[in-house]
Amino acid sequence: AQSVTQLDSHVSVSEGTPVLLRCNYSSSYSPSLFWYVQHPNKGLQLLLKYTSAATLVKGINGFEAEFKKSETSFHLTKPSAHMSDAAEYFCVVSGSSGGYNKLIFGAGTRLAVHP
Amino acid sequence: NAGVMQNPRHLVRRRGQEARLRCSPMKGHSHVYWYRQLPEEGLKFMVYLQKENIIDESGMPKERFSAEFPKEGPSILRIQQVVRGDSAAYFCASSPGGGGRSYEQYFGPGTRLTVT
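If you read the sequences in order, they're chains A and B. Read left to right, the first sequence gives residues 1 to 115 (the numbering used here). Read left to right, the second sequence gives residues 116 to 231 (the numbering used here).
What the hints contain is simulated information worked out from the structure, not anything from laboratory work. Incorrect hints may appear among the rest.
[To be verified] Here are the simulated lysine-lysine pairs, BS3-like style, with alpha carbons at most 25 Å apart:
id, chain 1, residue 1, chain 2, residue 2
1, A, LYS58, A, LYS69
2, B, LYS166, B, LYS186
3, A, LYS49, B, LYS177
4, A, LYS42, B, LYS186
5, A, LYS42, B, LYS142
6, B, LYS159, B, LYS177
7, A, LYS49, B, LYS186
Every value quoted in this text rests on a predicted model; they were computed, and no experiment measured them.
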C-alpha cells in the first residue's frame, strides 16, 4: 500500500528566507510523486512531479523537490519565499499499481509567509 | 482550452435532501476522478470513472453515494439523504489517459457542500 506523511502541519517563514516542506512516502513499487498547492477556497495546482526520471525536479514558481529513495523522502524547497507562496501544500503519491493514477494525499502543510 | 469545470461552486442542503455535484472534464479528457476534502484534512480518493464505466469506487461510502459519467454530459456525484458529516469540499479531476502512472490530473475548483 502507498502512503504519504507530511512531517509539519504548519510552517512559518519570513519573506525572502528559504522554504522547506518535508514529505516521506511509503510505496511497494517505484512511485510517482507530486506536490500540489491549494490557495484559500481555490482548486489545486500542480507544482511539480517525479516519475522516475531525474531525482531533482524543478517546478513552477521557483519550487523544486528532490527524490531520495534511501530516505523515502520528497521534500519541497524554495530558496526565497514570497508573500504569494502562503497556501496549503500537499505531497501526493500515485497509489495504484493498476495502471492509473489513484492519488494518495498527505494531510497538508500550511505555509505562512511573514513580511 | 477551458479547465475542469465544477458546478455549483457552493451548495447548501438540509439534512435528508439530495446533493448533485457536476464535473465537466477538460476537452479531450475521458478519465474522471472524484476526491473529498474534509475540513483541515487532505483530499481522499472516492471514485475513478471512464465514460460509462466505474473503474474503481473503493473510496466511496457504501451507502447514499453514487457516481456516473455518461456518454454525453458531465460526470455526476450524487449524495442521497445528506447528513452533516457530508459537509466537505468535493473535487473533480480529469486526465487524458488512465494508463501509466505519469498522467497528470487536472483539478477543478471544487464544490463546497454545506449540510444544515
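Results of checking the hints against the structure:
1. A/LYS58 - A/LYS69: holds, 17 Å
2. B/LYS166 - B/LYS186: holds, 6 Å
3. A/LYS49 - B/LYS177: Answer violated: A/LYS49 to B/LYS177 is near 32 Å, above 25 Å.
4. A/LYS42 - B/LYS186: With Cα atoms ~29 Å apart, A/LYS42 and B/LYS186 exceed 25 Å; violated.
5. A/LYS42 - B/LYS142: Status holds; Cα separation ~21 Å.
6. B/LYS159 - B/LYS177: Judged against 25 Å, a Cα distance of about 15 Å means the pair holds.
7. A/LYS49 - B/LYS186: violated, 31 Å
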